[in-house]
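Peer 1: Here is what each chain is made of, one letter per residue.
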Amino acid sequence: MAPPPDERSERDRERERRREERRKPVRPGVESIKAAPAPAPAPPPPRHVYRWDLDKTYLKTEFDTLKDLLRSAFEGAEAKQSIPGAAALLRELRHGERTRICFISGSPRQMRKVLTKKLQLDGVEFDEFILKPNLRNMLTGRWAAMREQVGYKLPALLAGRSGLAPDVRETCFGDDAEADCFIYSLYADVIGGLVSRPLLEEILDRAGCYEDDAARAVSLAEALPPAPGAVERIFIHLDRKSPTSRFDRYGARVVPIFNYFQVALVMFEDGRLGAAQVVRVALEMVDRFGYTLDALRNSLSDLLRRSRLRVETARALGAQLMPSGDGVPLLGALPESRELLTQLGARLTQFGDVPVVMPPPPPDLRIDFLAALEVDLPRRRKSR
Amino acid sequence: MGGDYAPDEIVKGVGQLSLEAPHVQTILVGHAERIGQALLKVRHNPERISVHHAPDVVLMHEKPKDALEAKPEASILVAARLVRDHVADALVSAGNTGASVLACSMTWQRIHGVRRAPLAAVYPTEIRRGEKDDPFSLLLDVGATLDVSAEDLCTFAILGSAYAARVSKNPRPKVALLSNGAEAGKGPPEIVEAHRLLTQMSEINFVGNIEGVDIPRGTADVVVCGGYVGNVVLKMLEGVSETVLRLASYAYKEKLVWRAGLMMLGGGLKRLKEITDWEQYGGAPVLGFDRLFIKAHGRSRARAITNACKVAAKVSQGNLVADIEEALRRFEARRAA
Numbered sequence: 004m005a006p007p008p009d010e011r012s013e014r015d016r017e018r019e020r021r022r023e024e025r026r027k028p029v030r031p032g033v034e035s036i037k038a039a040p041a042p043a044p045a046p047p048p049p050r051h052v053y054r055w056d057l058d059k060t061y062l063k064t065e066f067d068t069l070k071d072l073l074r075s076a077f078e079g080a081e082a083k084q085s086i087p088g089a090a091a092l093l094r095e096l097r098h099g100e101r102t103r104i105c106f107i108s109g110s111p112r113q114m115r116k117v118l119t120k121k122l123q124l125d126g127v128e129f130d131e132f133i134l135k136p137n138l139r140n141m142l143t144g145r146w147a148a149m150r151e152q153v154g155y156k157l158p159a160l161l162a163g164r165s166g167l168a169p170d171v172r173e174t175c176f177g178d179d180a181e182a183d184c185f186i187y188s189l190y191a192d193v194i195g196g197l198v199s200r201p202l203l204e205e206i207l208d209r210a211g212c213y214e215d216d217a218a219r220a221v222s223l224a225e226a227l228p229p230a231p232g233a234v235e236r237i238f239i240h241l242d243r244k245s246p247t248s249r250f251d252r253y254g255a256r257v258v259p260i261f262n263y264f265q266v267a268l269v270m271f272e273d274g275r276l277g278a279a280q281v282v283r284v285a286l287e288m289v290d291r292f293g294y295t296l297d298a299l300r301n302s303l304s305d306l307l308r309r310s311r312l313r314v315e316t317a318r319a320l321g322a323q324l325m326p327s328g329d330g331v332p333l334l335g336a337l338p339e340s341r342e343l344l345t346q347l348g349a350r351l352t353q354f355g356d357v358p359v360v361m362p363p364p365p366p367d368l369r370i371d372f373l374a375a376l377e378v379d380l381p382r383r384r385k386s387r
Numbered sequence: 200m201g202g203d204y205a206p207d208e209i210v211k212g213v214g215q216l217s218l219e220a221p222h223v224q225t226i227l228v229g230h231a232e233r234i235g236q237a238l239l240k241v242r243h244n245p246e247r248i249s250v251h252h253a254p255d256v257v258l259m260h261e262k263p264k265d266a267l268e269a270k271p272e273a274s275i276l277v278a279a280r281l282v283r284d285h286v287a288d289a290l291v292s293a294g295n296t297g298a299s300v301l302a303c304s305m306t307w308q309r310i311h312g313v314r315r316a317p318l319a320a321v322y323p324t325e326i327r328r329g330e331k332d333d334p335f336s337l338l339l340d341v342g343a344t345l346d347v348s349a350e351d352l353c354t355f356a357i358l359g360s361a362y363a364a365r366v367s368k369n370p371r372p373k374v375a376l377l378s379n380g381a382e383a384g385k386g387p388p389e390i391v392e393a394h395r396l397l398t399q400m401s402e403i404n405f406v407g408n409i410e411g412v413d414i415p416r417g418t419a420d421v422v423v424c425g426g427y428v429g430n431v432v433l434k435m436l437e438g439v440s441e442t443v444l445r446l447a448s449y450a451y452k453e454k455l456v457w458r459a460g461l462m463m464l465g466g467g468l469k470r471l472k473e474i475t476d477w478e479q480y481g482g483a484p485v486l487g488f489d490r491l492f493i494k495a496h497g498r499s500r501a502r503a504i505t506n507a508c509k510v511a512a513k514v515s516q517g518n519l520v521a522d523i524e525e526a527l528r529r530f531e532a533r534r535a536a
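The listed protein sequences correspond, in order, to chains A and B.
First residue of the first sequence: 4, per my numbering; consecutive thereafter.
First residue of the second sequence: 200, per my numbering; consecutive thereafter.
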């Protein structure tokens, strides 16, 4: 419906006034009315960086068909759905001391507004949000770059790393739909100084990266001081429920997970999250997404079977969930959830010895990226 | 964790179930380490799967009684205990049939009025039935009993009718006795007597006697017989199906014209194969216990296991045991009167 005439004319006048102001030259010594306010003091440098993919890692996104792709591109922020527990986990990570949260997504830059709004709706704060220049790729005829991820994400990750001290640690979050595990692992080894220039060039060539993207990645990699072990963990959300054994080749740093309760548990064991924070992630999954006690317990057992969590950690968490423990006062005023989590705590404390199914991969496993490329990026291995 | 292809195919089937049926929680009972190893290699949702360790397994060739006595922690016994203790609602196994039935009878209670628990099987038929147009009939008993009385046959009819009503959403399944003629006086004495008793039972839709030829036609939804006869019939029907497929394969290789003919019939034959594919029905129940047991074929692969678990989940949703108890109470009351 068109606005009433008075309102329209008022709007036109306002627009004209702004136009006039833009035309006026800014005299030297006179502060422009557009000038930014005095800059806030720079935040202290981060100690830990969390890098998140968006689609299928944070958001439930379907883009397997053109219809899905179009729906995903045009739906509003309110219609977008996050993966259970992801928002709660991000909020908890944000509370950590001197942490930085960066999103890097293959979605086009034109979606920035709607994606930012979605994150705001979920109460998720972030420091950096990198989106793919798909319009530019299209206009310059770089069609392959629209789907290719290595040539886009690796330079973006390396650029994000530049300026950080070598002792800054990182945790990366991706999914099994694209090549996130490959890219994050390559990034981790590149900044760790474990990938030589010729090897990196060969990997980028075989991955089908454009020459300028590859050259940028190589120069960024060479400019970084080696930071061995900087990437502590790479969590891969198994959106497609891929067999976990698929990721064995990437070593112990990569943890395939089926939900964010599992992430919270591993981070609890790593000392990155406290029991109360694990509880808040679980609470969101129970209250907002209908997770049951069985689902939570089974998720935990799955980690134990895969040797991704120690039974002592489960028991320690259980003890803190019990009424006498520290976690319960933080459960809030949700009696059913409180009861459920207390039951979970009771069961965790009674956990017997779970037979270790698979010894965890050795932490110093050297990844054969060229072999991994053949498996995880079969369509793009041909050099462009 | 029994069956010819355990544990890999069982785990794969349950993995698939966890992706297809969000409302079903499955407990895999067996050697936890082997199950865990198998789970690493298959697509699954671990939120819907738990693993319960049982160190032993009854092998397919073992004598049931001896094996269960020697292996008190055999997976079938442990699983039966979990169902007895209401940790699970139903038991599904592709393992040694004798051991499975014996484990159930050692662990569970028989429903009051049931002297013997029959083993059922489903068989594809020409006629479809129920709300979901199920293309199979229920045949029981197919091997749990050798000699049966008229009362046993009536009990089987009640059990089969209650089960078919639930699984096929068919409120009045047609129940028939398998005999050597349609007339009431045909057959051995227990069949004649069972016919007389069943005719008086209004709660069952008894349609009289049928002959073997009527089984694949689907004249009845529930076919009742003794275990000895049922087992022979079932094996023969399976043998005929396999022979027909082998003959088709022979014809395909023999002459170009026959091959062309078969290719033209390809769509129809594929449809026929789908209907007669026992894997799509998954398994059949052992009825008469106060808990539910679905027996899958020993040769079951992942698809059959997925479907057997779906059948178990479907039947568990209602109170089958209560329905059977009520029907048996009425039968007993009539007999007493």
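Because the hints were derived from the structure by calculation, they are not lab data.
The model shown is predicted, which means the values in this text are computed figures rather than measured ones.
Fair warning: there could be bad hints in the mix.
[Said to hold, decoys possible] Listed next, the in silico DMTMM-like pairs over lysine to aspartate or glutamate satisfying Cα-Cα at most 20 Å (straight line): (1) A:Lys83 to A:Asp125; (2) A:Lys244 to B:Asp203; (3) B:Lys240 to A:Asp242; (4) B:Lys434 to B:Glu325; (5) A:Lys63 to B:Glu219; (6) A:Lys244 to B:Asp207.
[Stated by the list, open to error] Restraint-style ranges between C-beta atoms, simulated for each label pair: (7) B:Leu218 to A:Ala80: 27 to 35 Å; (8) B:Arg470 to A:Asp251: 37 to 45 Å; (9) B:Ala521 to A:Lys63: 57 to 65 Å.
The beta carbon of each residue, even a glycine, is placed where N, CA and C say it ideally should be.
Peer 1: For a quick check of understanding: which of the numbered hints are violated here, in increasing order?
Peer 2: 2, 9
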